[in-house]
Amino acid sequence: MKPKPYKKIDMSVLVYTESENGKFKKAALEAASYAKSVADQLNTEAIAISFNAESANDLGAYGISKVKNLANDSFTKFNVEAYAEVISEIAKEENSKVIVISQSANAKYLAPLLAINLEAGYVSNVVELPKVDNEFTVKRTAFTNKAFNITSIHTNVKIIGVSSNAFGVHENQVDIEVVNYETGVVVNNSGITVESVDKNTDKVSIADAEIVVSGGRGLKGPENWNLIEDLASTLGAATACSKPVSDMGWRPHSEHVGQTGKPVASNLYIAIGISGAIQHLAGINASKTKVVVNSDPEAPFFKAADYGIVGDAFEVIPKLTEKLKEFKANNA
Amino acid sequence: MKILVCISHVPDTTSKINFTDGDTKFDTNGVQFVINPNDEFGLTRAMWFKEKQGANVDVVTVGGKDTEPTIRKSLAIGADQAIRVDTEAKDGYQVAKELAVIAKDGNYDLIIAGRESIDYNGGMVPGMLAKLIGANFINTCVGLEVEGDKATAIREIDGGKETLTSSLPLVIGGQKGLVEESDLKIPNMRGIMMARKKPLKVVEASVSELSTEAKQFSKPAPKGDVKLVDAENIDELINLLHNEAKAI
Numbered sequence: 001m002k003p004k005p006y007k008k009i010d011m012s013v014l015v016y017t018e019s020e021n022g023k024f025k026k027a028a029l030e031a032a033s034y035a036k037s038v039a040d041q042l043n044t045e046a047i048a049i050s051f052n053a054e055s056a057n058d059l060g061a062y063g064i065s066k067v068k069n070l071a072n073d074s075f076t077k078f079n080v081e082a083y084a085e086v087i088s089e090i091a092k093e094e095n096s097k098v099i100v101i102s103q104s105a106n107a108k109y110l111a112p113l114l115a116i117n118l119e120a121g122y123v124s125n126v127v128e129l130p131k132v133d134n135e136f137t138v139k140r141t142a143f144t145n146k147a148f149n150i151t152s153i154h155t156n157v158k159i160i161g162v163s164s165n166a167f168g169v170h171e172n173q174v175d176i177e178v179v180n181y182e183t184g185v186v187v188n189n190s191g192i193t194v195e196s197v198d199k200n201t202d203k204v205s206i207a208d209a210e211i212v213v214s215g216g217r218g219l220k221g222p223e224n225w226n227l228i229e230d231l232a233s234t235l236g237a238a239t240a241c242s243k244p245v246s247d248m249g250w251r252p253h254s255e256h257v258g259q260t261g262k263p264v265a266s267n268l269y270i271a272i273g274i275s276g277a278i279q280h281l282a283g284i285n286a287s288k289t290k291v292v293v294n295s296d297p298e299a300p301f302f303k304a305a306d307y308g309i310v311g312d313a314f315e316v317i318p319k320l321t322e323k324l325k326e327f328k329a330n331n332a
Numbered sequence: 001m002k003i004l005v006c007i008s009h010v011p012d013t014t015s016k017i018n019f020t021d022g023d024t025k026f027d028t029n030g031v032q033f034v035i036n037p038n039d040e041f042g043l044t045r046a047m048w049f050k051e052k053q054g055a056n057v058d059v060v061t062v063g064g065k066d067t068e069p070t071i072r073k074s075l076a077i078g079a080d081q082a083i084r085v086d087t088e089a090k091d092g093y094q095v096a097k098e099l100a101v102i103a104k105d106g107n108y109d110l111i112i113a114g115r116e117s118i119d120y121n122g123g124m125v126p127g128m129l130a131k132l133i134g135a136n137f138i139n140t141c142v143g144l145e146v147e148g149d150k151a152t153a154i155r156e157i158d159g160g161k162e163t164l165t166s167s168l169p170l171v172i173g174g175q176k177g178l179v180e181e182s183d184l185k186i187p188n189m190r191g192i193m194m195a196r197k198k199p200l201k202v203v204e205a206s207v208s209e210l211s212t213e214a215k216q217f218s219k220p221a222p223k224g225d226v227k228l229v230d231a232e233n234i235d236e237l238i239n240l241l242h243n244e245a246k247a248i
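Chains as they are written, first to last, in our numbering: chain A, 1 to 332; chain B, 1 to 248.
Don't read these hints as lab results, they were simulated from the structure.
Certain hints may be false.
Here are the simulated EDC-like pairs of lysine to aspartate or glutamate, each with C-alpha atoms no more than 20 Å apart in a straight line [as the list claims (entries may be wrong)]:
(1) K23(A) / D208(A)
(2) K246(B) / E326(A)
(3) K223(B) / E298(A)
(4) K246(B) / D208(A)
Bound-form chain A, shown alone (with noise of 0.2 Å):
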C-alpha cells in the first residue's frame, strides 16, 4: 500500500455495482472490490449505488460501508438516460471523486453520459489501481490489448472503468448501511424505449464467462459446432468464433471474439481450429490462460498460448470433453 496522501475529507469513492434480476453480477463484486482498494489509498469511503439488488448488504463483504439500492419497477430494464441521471445525482449528493464501473456492455454504455454530467474525465480499460502521487493516473490497454498506456486525469471528478479479470474479487468485510434510495428521476423522459430484451439465459455470456470456448474454421462447418458446445457445457462456459466464421454465418456475429468483435477476459480461453490471426489475438490476449488445438503445429496460436496440443480437433475434443466430463465427476 502507498502512503496515504490525502486526509479524510469529506469525499467518497463511488460504484456502480451492476445487478441482473437482483443478484449482483461478478463484474460488479470486482468493482467494488477496486473502489474499496481506491478508497483506502484515497483515505475515505467507498459507497455503491445498485438498482433493485436483493440484498445489498452482501458489499459490505467486498469493503463498502454505505449501498445506496434504488427499488423501483421502473428501472427493472436497463435505460441509460435514466441510470446515468440517478448516479450522477448520488455522486453529487455522497461529493464523489471517483467513480468506479466495471466494462459490462450497460457500464460501458453509461459511463460516457455519466462523464458529462459529472464534467469527468473517464479512463475505460484500466488494469491496475491508481497512482495518486503528484498527478492522477492510471494504467489501461490500448491497441487492443497490443500496448499499456498511462493516462493521467485532470478533472475533478474522475471515473473509472476497470477491465473485468484484471483486479479480481477481493472479499474485505466491513460494517454496512443499506439505504433505500428515492429519486425523482423518471424513465419515461428519456427519448430511448427499451422495447424487448432477448437474452440467452441458459448459456453463460463471453462477458461474464470464467471460460470460454471457441471454434475457427478448423471445424470444417457449423454443423460440427457440437464439439464446442459439449466441451462448453462440460465446463460451464461460453462459446464464441472465430472471425471467418461469423462472416460465413456459421455462427451470430455475437460469438466473434477479437479486434473488431468482443474481447475476452476469461480465465481459461480454448481455441479450437483457430489459427491465431493478430486481429485475433489482440481480442483475447487479456485472457489468463490460453489453450490451442489445431492440427497445423505452425499455426500463430501456438506462440501466443500457454498450453498446446498439435492434433485434429476431431479426435482430440471429444476425448477431452470426456476426461474434463470424468474429473469434474471426481471433484466435485
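With the hints as your guide, set chain B onto chain A.
Okay, now just chain B, sitting in the frame of chain A:
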C-alpha cells in the same frame, strides 16, 4: 434525412505496434492507416440510407492533414461532403466536443460513430457527443432502421440483444452487424475520381483543454513458450490446467 458519420483514422488491424519519443508516441513508421472498422460498418449503413431513402451523408474526422487520405476514402465510398477538424485527436472528451460543434452546426438527424476506435479503444466519443448535443444515444448498435422521425435499433448486450426505439436526433455507437462484412464497399475508380471533386472542408479546432492525457506506453511482457501436450495424453492437459494454471 441528414446523416453525419464520424470517422477515426487508425492503424490497420494487422499493424505492428511500436512507440517512439521515449515510448510516449505511437510509431507510425511503415504503418498503413485505415477507416476505423467500427466506423466503416456505420458508413456502409449510411450509404444504404442514402441509396434507399435519399439521405444526405457527411463524414467528419478530427485530425491533422495526415488523416485526409482516410476521409477521402469515405468520399470515394459515397459520402457527399467531408469535414476535417484540424487538430490532433488526443482525448475522447476533446474529440467529442469538437464533433459536437460540427453536429450542432449541421443539424443532423442521425449521427453514426463506431463503438470504439481500435487504437485507443476509449469507447466514449459517441456517448459524450450525444450528451453534449442533447441527442439520444444507442451503443453497440448492430441493427438500425429509420422511418420518418423514429429509429428502431438493436443493441448488443452481454448475452443477448435488446430492441429499442428512439426519437431523432440519435447518435449511435456502431459495430459489425449494422451491415455484414461482405457488404463493405471497396471504392471503385469512378468513386475515387468523384471523391477528388467533392468538398473537403477544413475547420479550425475550438477545444483546447484535455480531461485526460495519454502518457507513457508500454508493451506486454513477452510470453513464455507454449507447453505442448501430446494428443494421446489428455490427462496431462487436465492436470496442468488444474494444478499449474488453476484454471479448472
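Quiz item: Can you list which hints this structure breaks, lowest number first?
Solution: none
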